[in-house]
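Q: Each chain, letter by letter, is given below.
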Amino acid sequence: MARIIVVTSGKGGVGKTTTSAAIAMGLAKKGHKTAVIDFDVGLRNLDLILGCERRVVYDFVNVINGEATLNQALIKDKRCDKLFVLPASQTRDKDALTLEGVGKVLNELKKTFKYIVCDSPAGIERGAHLAMYFADDAFVVTNPEVSSVRDSDRMLGILASKSQRAENSEKPIKEYLLLTRYNPARVKLGEMLSVDDVQDILSLHLLGVIPESQAVLNASNSGTPVILDEQSDAGQAYSDIVDRYLGEDKPHRFIDEEKKGLFGRLFRS
Amino acid sequence: MPNQSSSLTLPAFEFKSSVITVPVLNIYTTDINHFSLQLREKVKQAADFFKNSSVLIDLQNVQDQELNLPLLIDAIHNVEILPIGIRGGSEAQQQSARKIQLPIFSIPRASAETAPVEKTPEPAPPIANTNQSNEEPQNNTINTLITQPVRSGQRIYAKGDLVITSHVSAGAEVMAEGNIHIYGSLRGRALAGILGDEESRIFCTDLQAELISIAGNYRISEDIEDSYKKIPVQIYLDKQALIIKNT
Numbered sequence: 001m002a003r004i005i006v007v008t009s010g011k012g013g014v015g016k017t018t019t020s021a022a023i024a025m026g027l028a029k030k031g032h033k034t035a036v037i038d039f040d041v042g043l044r045n046l047d048l049i050l051g052c053e054r055r056v057v058y059d060f061v062n063v064i065n066g067e068a069t070l071n072q073a074l075i076k077d078k079r080c081d082k083l084f085v086l087p088a089s090q091t092r093d094k095d096a097l098t099l100e101g102v103g104k105v106l107n108e109l110k111k112t113f114k115y116i117v118c119d120s121p122a123g124i125e126r127g128a129h130l131a132m133y134f135a136d137d138a139f140v141v142t143n144p145e146v147s148s149v150r151d152s153d154r155m156l157g158i159l160a161s162k163s164q165r166a167e168n169s170e171k172p173i174k175e176y177l178l179l180t181r182y183n184p185a186r187v188k189l190g191e192m193l194s195v196d197d198v199q200d201i202l203s204l205h206l207l208g209v210i211p212e213s214q215a216v217l218n219a220s221n222s223g224t225p226v227i228l229d230e231q232s233d234a235g236q237a238y239s240d241i242v243d244r245y246l247g248e249d250k251p252h253r254f255i256d257e258e259k260k261g262l263f264g265r266l267f268r269s
Numbered sequence: 270m271p272n273q274s275s276s277l278t279l280p281a282f283e284f285k286s287s288v289i290t291v292p293v294l295n296i297y298t299t300d301i302n303h304f305s306l307q308l309r310e311k312v313k314q315a316a317d318f319f320k321n322s323s324v325l326i327d328l329q330n331v332q333d334q335e336l337n338l339p340l341l342i343d344a345i346h347n348v349e350i351l352p353i354g355i356r357g358g359s360e361a362q363q364q365s366a367r368k369i370q371l372p373i374f375s376i377p378r379a380s381a382e383t384a385p386v387e388k389t390p391e392p393a394p395p396i397a398n399t400n401q402s403n404e405e406p407q408n409n410t411i412n413t414l415i416t417q418p419v420r421s422g423q424r425i426y427a428k429g430d431l432v433i434t435s436h437v438s439a440g441a442e443v444m445a446e447g448n449i450h451i452y453g454s455l456r457g458r459a460l461a462g463i464l465g466d467e468e469s470r471i472f473c474t475d476l477q478a479e480l481i482s483i484a485g486n487y488r489i490s491e492d493i494e495d496s497y498k499k500i501p502v503q504i505y506l507d508k509q510a511l512i513i514k515n516t
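As they're listed, the protein sequences go chains A and B.
For the record, in the first sequence the residue sitting at position 49 is 49 according to this note's numbering, with numbers rising by one throughout.
One gets this note's numbering by counting positions in the second sequence from 1 and adding 269 to each.
These are calculated hints, taken from the structure and not from any lab test.
Virtual Cβ for every residue (Gly too), placed ideally from N, Cα, C.
Accuracy of the hints is not assured; some may be wrong.
Claimed, not checked - Okay, derived cross-link-like pairs now, EDC-like style, lysine to aspartate or glutamate, Cα gap no bigger than 20 Å in a straight line: (1) B:K499 - A:D196; (2) B:K498 - B:E479; (3) A:K30 - A:E248; (4) A:K114 - A:D81; (5) B:K498 - A:D233; (6) B:K428 - B:E446; (7) A:K29 - A:D243; (8) B:K499 - A:D137; (9) B:K498 - A:D196; (10) A:K29 - A:E248; (11) A:K114 - A:D136; (12) B:K499 - A:D200; (13) B:K320 - B:E349; (14) A:K76 - A:E53; (15) B:K311 - B:D300; (16) B:K311 - B:D343; (17) A:K111 - A:D137; (18) A:K76 - A:E108; (19) A:K29 - A:D233; (20) A:K162 - B:E446; (21) B:K498 - A:D200.
Unchecked claim - Simulated restraints, written as ranges between beta carbons of each label pair: (22) B:L480 - A:T69: 52 to 58 Å; (23) A:P251 - B:K428: 43 to 49 Å; (24) A:Q72 - B:L464: 58 to 64 Å.
All chains should be built: construct the whole structure from the sequences, respecting the hints.
A: Here it is in structure tokens:
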């Protein structure tokens with residue numbers, strides 16, 4: 001049975017698209033046929049992060065309007081043949097998406113894909129609502145910072161009340177917390193909320209912590225999902241998250257400040 | 270030919286049953302002058318609120334006495350309130366209501382309970398509830414239980430008491446006509462006794478609220494002493510003053 005995952009946050013700039021790209025690639029790498037959809041119509045970004053921006057012919061809105069078939073619009077990733085991208089339209093806005101149209105596309109995808117990752121736009125308006133409406137699981141991406149936490153909280157309220165599952169009184173959407181741009185050193189100095197602080201406010205199952213990392217920016221710039229950078233801390237953190245989501249029991253990492261050993265001190269400082 | 274097409278013509282009317290809420294005016298005296306004077310005083314306090322509002326007259330407390338009903342109705346009309354019927358009252362009183370074409374409503378079960386015998390501090394004539402032997406406790410039993418966190422931006426309204434076994438986030442709002450119990454952190458707003466019940470209270474195991482209010486008497490976060498934060502408390506009204514007490 002296919003599962004629809006929405007990557008959402010409420011607030012912008014917290015790492016939804018980075019996370020969507022990394023998670024989708026991670027699931028595909030594990031051998032699951034995965035589609036990732038950019039719901040940010042008008043502000044198309046996912047194709048850049050995945051490095052397929054030059055191969056976009058048709059997009060999500062074309063498919064909804066019946067101007068192209070799903071197969072024509074899906075872009076197969078060059079690094080992993082299990083990953084497919086459905087890009088957003090850059091020339092339209094979020095009103096081009098309809099509930100009926102989105103539902104139809106997702107149903108079609110469910111026939112052949114194992115996981116469908118929906119990259120939600122920021123905000124709580126139409127685009128974000130449609131991205132989460134059909135979801136089975138929600139990855140709530142949050143930065144350790146008060147406004148991001150509050151917006152996530154708001155989003156969780158919407159997930160609990162305005163999804164298809166909520167409206168049909170089915171089992172609610174399964175919610176997971178992903179804490180991104182985490183900096184243990186700054187947490188220690190009291191400049192940033194700790195994992196416990198965030199957990200206290202959101203009381204949500206923590207799927208993983210992604211440390212603030214230069215690797216993320218480098219990955220975005222080069223169009224490679226950061227999860228493929230196996231040397232980087234962020235890449236490893238995303239790998240852990242995919243493993244945990246698939247049911248593996250992996251201890252949390254990157255929460256505490258890394259202790260530098262003698263060699264570390266000698267070579268890194 | 271009209272009988273043939275009668276099934277096709279549009280219905281001119283339809284009888285339907287519907288439930289509405291109407292204020293009840295409990296009568297405690299048969300002295301119309303005294304009544305009229307007090308009523309006028311009361312209405313003066315909120316003229317807009319009472320103007321042309323409908324009211325059901327409850328005669329249960331004066332059913333053993335002589336009452337000039339038409340005069341009572343006139344006194345009510347004089348302050349621009351519209352009586353829509355009576356309930357209770359003696360046979361003679363009901364007869365006189367029929368004469369002036371005022372509908373007679375039946376007395377709901379346990380209605381004596383809603384009489385302000387217990388609630389108002391004023392010594393209302395404590396008429397014995399003779400025919401209400403099966404008096405039930407508080408009949409506003411539409412209590413609400415919430416087991417999920419109340420998230421930022423969500424609003425909960427409970428007609429009776431509200432019990433929350435999770436936390437209330439900042440930016441969330443929980444309201445109840447009765448008491449509010451929160452077994453978790455209260456970081457949002459909690460408003461108890463929202464229809465003016467000054468006896469209602471807020472109970473909370475971890476108070477970090479943005480705002481707390483009982484029957485419209487409120488306090489914002491800034492005015493809540495830090496010593497009360499993050500400990501179990503109850504909040505109640507004492508002579509219009511909001512009291513927070515460690516439980």
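Q: Determine for every hint whether it applies to the structure shown.
A: Each hint tested on the structure:
no., hint, verdict
1, B:K499 - A:D196, "16 Å, holds"
2, B:K498 - B:E479, "11 Å, holds"
3, A:K30 - A:E248, "12 Å, holds"
4, A:K114 - A:D81, "14 Å, holds"
5, B:K498 - A:D233, "39 Å, violated"
6, B:K428 - B:E446, "5 Å, holds"
7, A:K29 - A:D243, "11 Å, holds"
8, B:K499 - A:D137, "33 Å, violated"
9, B:K498 - A:D196, "19 Å, holds"
10, A:K29 - A:E248, "15 Å, holds"
11, A:K114 - A:D136, "12 Å, holds"
12, B:K499 - A:D200, "13 Å, holds"
13, B:K320 - B:E349, "6 Å, holds"
14, A:K76 - A:E53, "12 Å, holds"
15, B:K311 - B:D300, "17 Å, holds"
16, B:K311 - B:D343, "17 Å, holds"
17, A:K111 - A:D137, "18 Å, holds"
18, A:K76 - A:E108, "17 Å, holds"
19, A:K29 - A:D233, "18 Å, holds"
20, A:K162 - B:E446, "26 Å, violated"
21, B:K498 - A:D200, "15 Å, holds"
22, B:L480 - A:T69: 52 to 58 Å, "54 Å, holds"
23, A:P251 - B:K428: 43 to 49 Å, "48 Å, holds"
24, A:Q72 - B:L464: 58 to 64 Å, "60 Å, holds"
Consistency with the previously given hints fails for numbers 5, 8, 20, ordered from lowest to highest.
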